[in-house]
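Participant: If you read the protein sequences in the order shown, they are chains R, Y, Z and B.
Note that my numbering gives residue 66 to position 66 of the first sequence, counting from 1, and the numbers run on in steps of one.
Note that my numbering gives residue 469 to position 469 of the second sequence, counting from 1, and the numbers run on in steps of one.
Note that my numbering gives residue 286 to position 286 of the third sequence, counting from 1, and the numbers run on in steps of one.
Note that my numbering gives residue 106 to position 106 of the fourth sequence, counting from 1, and the numbers run on in steps of one.
Do not take every clue at face value.
[As the list claims (entries may be wrong)] Take a look, some chain Y residues computed to stay more than 10 angstroms from chain R by CB distance:
#1 284
#2 457
#3 594
#4 595
#5 596
#6 599
#7 603
#8 614
[Stated by the list, open to error] Cβ-Cβ distance ranges computed for the label pairs, FRET-style:
#9 R/71 to Z/56: 31 to 39 angstroms
#10 Z/434 to B/111: 36 to 44 angstroms
#11 Z/185 to R/71: 52 to 60 angstroms
#12 R/92 to B/111: 40 to 48 angstroms
#13 R/90 to Z/344: 35 to 43 angstroms
#14 B/473 to Y/26: 45 to 53 angstroms
[What the hints assert, rightly or not] Below 30 angstroms or equal to it, Euclidean Cα-Cα: the simulated DSSO-like pairs (lysine-lysine) are:
#15 B/368 to Y/28
#16 B/31 to Y/158
#17 B/449 to B/111
#18 B/359 to B/31
#19 B/160 to B/374
#20 B/374 to B/280
#21 B/280 to B/111
#22 B/359 to B/280
#23 B/111 to B/368
#24 B/160 to Y/28
#25 Y/158 to B/449
#26 Y/158 to Y/368
#27 B/280 to B/449
#28 Y/158 to B/111
#29 Y/158 to Y/28
#30 Y/158 to B/368
#31 Z/439 to Z/31
#32 B/160 to B/31
#33 B/359 to B/160
#34 B/111 to Z/439
#35 B/280 to B/160
#36 B/280 to B/368
#37 B/374 to B/359
#38 B/160 to Z/439
It is worth saying that the hints were derived from the structure and are not from the lab.
Glycine residues also receive a C-beta, built at the ideal position from the N, C-alpha and C atoms.
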Amino acid sequence: MIVPLEHLLILSTILFLLGLTCVLVRRNLIMILIGVEIMLNAVGLVLVGASAFWQQIDGQVMVLFLMAMTSAEVSISLAMVVYLQRRKNSIDIRSFDEMRG
Amino acid sequence: MAILLTLLLLLPLLGGVLNACLGNRLPKPLPVIIANGAVIGSFLACLGCLPQAGGEGLRVTVFTWLSSGDFQADIGLLLDPLAAIMALMVTGVASLIHLYAAGYMQEDADQTRFFALLNLFVFAMLTIVLADNLLLMFLGWEGVGFCSYGLIGFWYRKTENAAAGRKAFIVTRIGDLFFTIGLLWLFALFGTLGIEAINGRATELDPTTITIIALLLLGGACGKSAQLPLMTWLPDAMAGPTPVSALIHAATMVTAGVYLLCRMFPLVSLSPLAMGAIALVGVLTALYAATCALAQREIKRVLAYSTMSQVGYMFLAVGVGSVSAAMFHLLTHAFFKALLFMAAGCLINLAGHENDIYLMGGMRQRSKTIFWLFVAGLFCLAGAPLTGGFFSKDLILAAAFAQGDLFHLGIYGLGLLTAGITSLYSFRLAYLVFAGDFRGEELPHELPGLMQWPLVPLAFLGVLGGLLNLPHFFGGHSWLSGWLSRDHDVLHLSMNAEYLLIGSAVGVFILGWLIAHLRYRKFAPRETGPISGFLLAGWQFDALFDRVLIQPFRAVCGFCWQGLEVGLVDGLIDGFARTCVAWGQSLRLLANGRIAFYLQGFAWGLLVIVGWFLLRAAV
Amino acid sequence: MSFAALQSLLPQLILALGATAVLMFGAWIPKRRLWLTVGLLLALSAALVAGLMEAPLAEVGGMYATTLYARFCTVVWSLTIAATLLISFRYADLHRFGGGEYTSLLLFAAAGMSLLSAATSLIGLFLGLEAFTLVLYILIAFNRTDDRGAEAGLKYLVFGAVATGFLAFGIALIYAASGSFHFQEALAGIQIEGALRPIGLAGWAMLLVAVGFKISLVPFHLWTPDVYQGAPAPISGVLATAAKGAVLTAFLPLLTMLGESGAEIKNVLWLLAIITMLVGTFAALPQTNLKRMLAYSSVVHMGYLLIALLVGGSDGGQALLFYLVIYSFATFGAFGVVTSFATEHEELQEYEDLRGLGYLHPRRSIVLAAFMLSLAGIPPLAGFFAKFGLFQAALRNGYAGLAIIGVFASLVSVYYYLRPIIVLFMQERSAYQLHPGSKSEYLLLAGCFVAILALGIYPEPLLNLVVLVLP
Amino acid sequence: MTADSSLQFPLLSLLLWLPILGALLCLLWYKAPAASRWIALGTSTAVFVLSLVAGLYSTGSAGWFLYEDASWIEHFGIRYTLGMDGISLLLIILTAFLQLVAVVISWDQDKFSALFFALILVLGTGIMGVFLALDLILFYLFWELMLIPMFFLIGVWGYKRKVYAAVKFFLFTLAGSLCLLLAVISLHLLHGEQTGVYTFALEALQQTRLSFSQEMLFYLCFMAAFAVKVPIFPFHSWLPDAHTEAPVAASVDLAGLLLKTGVYGMIRFAFPLFPHAAEKSLPVLAVLALIGLFYAAWIAYLQTDIKRIVAYSSISHLGFVLLGLAAWNQTAWEGSLLLMINHGVTTGALFIAIALIHKRTGTREIAKLGGIWKSQPNLAAFFLLFSLASLGLPGLANFSGEILILIGTFSSNAVWAIFAVGGVLFSAAYILRMVQGTIWGPCCEPFDKQDLGGREWLVLIPLAVLVVILGCYPQPLLDSLREPVSFMLRQGGQP
């Protein structure tokens, strides 16, 4: 393995934190979902890297599962975006705080 | 004989219970007949038992009342000479008073309750008299207290009456506390509460213990007998119907304290200190009550204070070691005081339900019979020579005098002074009631025969009561002392001393009469000075106790309730509950519905966990 | 995949394939009750198969176990879903749910949950968890006429997606640390002191965040009340019971395998347990909405269950399973009562609306009261023995501090469990007559009630079963 | 103790489960209120008869003359063990009797009567279970079983502040009970570690070896539960509220029975299990008892609600009972147990009389009451009788217990006894104030002029007779208590 695992991990952690920051900071639902995608991509990076580090196929299998799962999640999320847009004319998460306490 | 003795006790109980449970369902005169029958039956049973009572006495154990561990108390009766003479007096006087009450109460709608309580009272009183152990005696002791409570407040619609009953109950209960402690202590010492056993083994104790126990018993006796300082209830107790005053607050219950001390005399007499205390309490009460009687306006209150005073004499007698003198005075006093009360009841009736003596006067015109009966009673009370009261009081003073030391001479002196005051207030009463013309406006009420003729035997007994224990000096044989097997109570003073004593007694009697004659022969309504006001209010003892005891007590109660209970205990608990809810409310603010905020929760949680791991890794 | 493997996963296959079939045919035959019934039967048959049939393989594909434990969990989740379907008959009519979709989604959820509990590898765990989480995104927002449903769906979606990210990252890190997804080897990664151990621990931290979200531990719990309030009552029931239970049952073996080496993790769990119990309890106190209160109550109960997780081993496992089953009966029953009181426009969940209802609808109110008391742990209802077993296990294994805090929390909790009872029975009647309720609802409520009562008086059968699956 | 318990007729179980059966029947016919009250009456009568039948087995010796033991929850080591000795016999008879009284006095309860009677019956099972259980968890279950019915009885059928009172009652008692539960489990585990046998049986757990600090800790946990129920001084604050707000039947059960379970728990469980700790705690117990005795009496003196006066009087009387326990000798213990029974009867009777007065006048405020004797002499007479018994008039119920306690206490510690005697005075003060404000004084003109009706006579006469009998001839009860009490005292290992 050319790239040391540490570098990979640092990179993907940065990526993950970027995604997380996006989730925490943005108010637009679509941007939040994009943040989540970035987080998941960081995961994929770790998996592939670890797979290479351990000389194993399992990690790559997991990446495939992850991608499949992500696509399912994205489709549901986008359906939700459409639904919310239609109901409330807004996909700003700040407009959804009716229930509290 | 056992049956008879049991009946003696049970008949009044049966009568009382029967009247209490079914009285209201029975046709009209029947409850009265039951009540009277029960008491008279009891009297007859007492007469029947009398021959057996001498010497060791007659005893019956009905059943075991309480038995636990080492402790045992039986329903056990003992009719010894002391008990017999007392029982005879109680049933006899009670019978006459019941008869009188039948007339007195005949128009009262609630008479079954009255007679039920009266019968129960007789039962309780007989229990005190006949009990062979202190616990059973205590049962009677409290029983008379309750009946007294119920009867003082008999006309319950007026709040004062009920309050007077309550006062009587509670004040006497203060005395009972001492009695109870004494009782507990005696059991702890002897392992039994049998009166004879305790008396028999009293000498085993060390003097201090005896003194304390004797003082505790004195405390109990003071409560029931209205002696200083537990005397304030008795004048108020006059709120009850007159027969009640006659029976309970003159003849019987108030003498229970004297009886207790006589009962426990072998124990009590072992402590000179306690004996001195008893004598002192007695003579001070006698003096105190006599002075109060001087200023009273209500006829029954005069008699109430005089009762207190006479019972003080009895205590004095016990205190100077003469049981027979105490019992002698107890008997004569029972006769003449019952007579006085019942006659007073007649007078009140004749005055149109007016009991203020300032509004009487000239009552002789309204009924000659009552006049003579009442005056006979007053003569006994005042200690007119040759009446029963004279002999019994004289014996007590003589017994005090015979002790010879300075303390007892002082007591004798106070007793003599009291005798003078007694004479004074007796004749004040007589003059105010009978002299002159009627000052009130009410017309006389009808006086049924039943209210008059039971007084006659009492008058005879009172006047001739001296024969019971006529001293040798007068040619008698001190029969009562002999019957009580207390021959050593019979005094053998020198002739000079006897003359001196009798002379001074007669002297103070005449002096009192003279002063009364001068001052009260003509009615002059001007007794409103500060001293008479002070005496009228019983030396302001009620106000004093209210200040010193009742108000602080209420303050303590109030503090416990509002301060501790509501403020502290409930406050802490409710405060805890409120704090919990307040925490909940503030935690609730966290869930503010905002997704962004919730996501921050995630971030913080992550931070904490990762931080923790890093911390652990670093260490 | 061999036939034996398929046979071993038969219950899950029944659920998943059945779900697919219902989804497809449901589009053509729009008969709501038919599909609900079919789904019910499928779930029951899955439970039956899982309960009765020995699996030929002990582990399938290195991902899923077919141990008694896994089968037991499958039975429980299948039955929960069956119960959800049963209680939804009238509710689905009221809100005009698409019968086929609703049924199939629930069946998918069941399949996902049973896979999750059976997982022996992190991949299996991830797949099972995501399978039912995805389904729940839809189900929570299933009521299209309700703004709150949409809000709840959104909230769950956002948090679920983020949690998925954490979960995946955690799994990836653990994999990086150990080189394996299989539980046993994956855990070895953090057991050996070395350069890779911090990575493994970081993975665990991520994992805990994700789990914290799923079973709503404080401070990851904030979404819970909102989502429960907005979701359709039967779905809230699933969320509060099976969805959390599946996660817990999946983590139980994981933590047990962790053994001594996971001291750090246990420390964190210990802390989480305490704050979860306390914060949940206090936050539930001022609630005036039944569903929100139940949400906080579920938070508190997850705190209790964390104690069992911490205790671990057979003691902790038995206590956990026993507790979970009884808790599920009571909580699901409570949501069932809310379901049965639902009208076309709203669900009756504010205490204000419940006032005096006990006299209009005595049977359902009494049953609800029983569920509340069971949750509070008052004998003779089963909740008592659940707590008893839990605290006994905790005391036995040296977690006295947690047990005492748990006892304190359950004392305070009594107050908020009593409040619905007070409202129902001890206040002036303000409620109007509601729907008398359907037979299916009564059947389910009666079932839960009887279970709560019977297990409260004689819990021995369930205890024996638990001992059997968790030796 | 007896090996062939399986051969015996399960009288205790029948006694215990009959009310539950009755409750189920009541609920079954919930649409017909008349049916439920007849069922309740029938059940409680049967239970009362059964309790008397159980008395026939009594041998007067110390052991269990009726004993049942069956396996129950093996997994936790919990067994279904019941036993009856002289102490539990008396308490069971008292329970059955007061239950019967409670049913009859609630006869015209028409608000959800089926539920009401069912709850009363369940409560009966709980109370009797407490008096019979010999397995600690079984005991605990019955202990808690008393909670729910009482909570509902107060909360649903109570008066103004019923919810507050009900919740307070529930939380207070539960707080104590949870301490008990923790201690029971810990003790069980400790015993298991020592012997390898995991059990909750009382007799086995008595053999556990404990260090003194362990013993003290467990003892305090046990006492927490019992102290709340009794209630001992600082833990009493639930009682006045609960008593005042409860409907009459619940008040009767609360005062007459529930409070007794606390004392019973002490003598049956806390003292024998932890004798050394108990010995150390006796002075504290006595001081708390005395504080409660005076404190409650003083507060009672100022109350304006007559039901509240009686409620506080309960605390005061239970202080007496507790003092007897602290004195730790035969006479005092017998006195305590006797006073418990006496207090059950008198206070129950007082609550009934107050309820009847309340029904006629619509108020319980002293200021608004008065002169009841005029309009309802019979009712007033009963009220007076029960009040007198409550203030400890000799010859009526409470006195016999109190005097034995005093005698026993005096021989253990004279100072305690002397203080306690003082308490008697204050009970007279508040009781007489209550009597005065209620039956004497000017009339308050009740809107219902009716004196006692047939059913009310039926309830009050037996109570009155009992009050007198317990005062005059309590010896049979003392005989039944003698051997068990002396056995327990020996077991405690005290001087």
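Participant: Which numbered conditions among the earlier hints are violated in the structure presented, ordered from lowest to highest?
Facilitator: Of the numbered hints, 3, 4, 5, 6, 7, 10, 11, 12, 13, 14, 15, 16, 20, 21, 22, 24, 26, 27, 28, 35, 36, 38 do not hold.
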